[in-house]
Amino acid sequence: PGCSGKPAPETKSQSVQPLPAVPQTDPAKAAESEKFFVQGLKLYEQYEYREAVASFDKAIAADPANTKVYTAKGIALCFEGDYAGGIALIQKTLDSKPGYVPALYDMAMAYKLQNQLDQSLYWFEKTIQGDPKNTWSYYGIATIYADKGKTQESLKYLTKAIELDSGVKAVAKEQDHFAAMRKLAEFQALVK
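If you count by this note's numbering, then the sequence shown holds residues 1 to 192, one letter each, in order.
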C-alpha cells in the first residue's frame, strides 16, 4: 500500500538483482599480506628494491585487495628503472583510493626520477592538498625549484619543510640540488 491507503497497482516489476557480495579477505591472508608489506617497506628503506618487490609480490599474492601494496611495489620498480610498470601500479592504487597520500607522493617521486619536473610538481602539490604537513613533498618541491635555478621559490618550500621537520636541514646540507645555493646567506641561515 502507498501513502493514500489504496493498494499499490500490480505491476510486472523487473527482477531486482542483489548487489554482488564484496569478497571478504580471509583474516589470516590479510595478516600474511600485511606482514610481507611491512617486510617490503623495510627492504625499500634499505634501498634493496629487488628484494622489496619480491616481498610486495608475496603480499599481493596473499591478498590482492591490499591496494597499498601496489603503490609500494610501483615506486620500488621506478627506483629499479621500470617507470612504466611502476607508474601503472601506483595508478592502480589511485584508481581504488584516489586521495591515498602515499600513492600521490609515490607518483611525484616516479616523475621526479624521470626528470619530468613539471609532472612531479603537480603530484607533490596534490600530496600537500591531501596532507598539508607532508614534509618531504615540500622538500621535493624545494629541490625541483633549486634544480630549475628558482632560488626564492626553493627557499620558500625548503623553509616550510624545515618548519615541519628540522631533520631536513642535514639532508639539505648534503644534497647536490642545493649546491648553487650553499653560499647564499639565506640558505646558510636556514640549514644551520
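None of these hints come from the bench; they were simulated from the model.
Honestly, I wouldn't trust all of these hints.
No more than 30 Å apart at the CA atoms, straight line, and that leaves these computed lysine-lysine pairs for DSSO-like [said to hold, decoys possible]: (1) K173 / K112; (2) K148 / K169; (3) K133 / K112; (4) K58 / K68.
Tested hints:
no., hint, result
1, K173 / K112, "holds, 20 Å"
2, K148 / K169, "holds, 20 Å"
3, K133 / K112, "holds, 20 Å"
4, K58 / K68, "holds, 13 Å"
Figure legend: structure checked against the earlier numbered hints; every hint is met.
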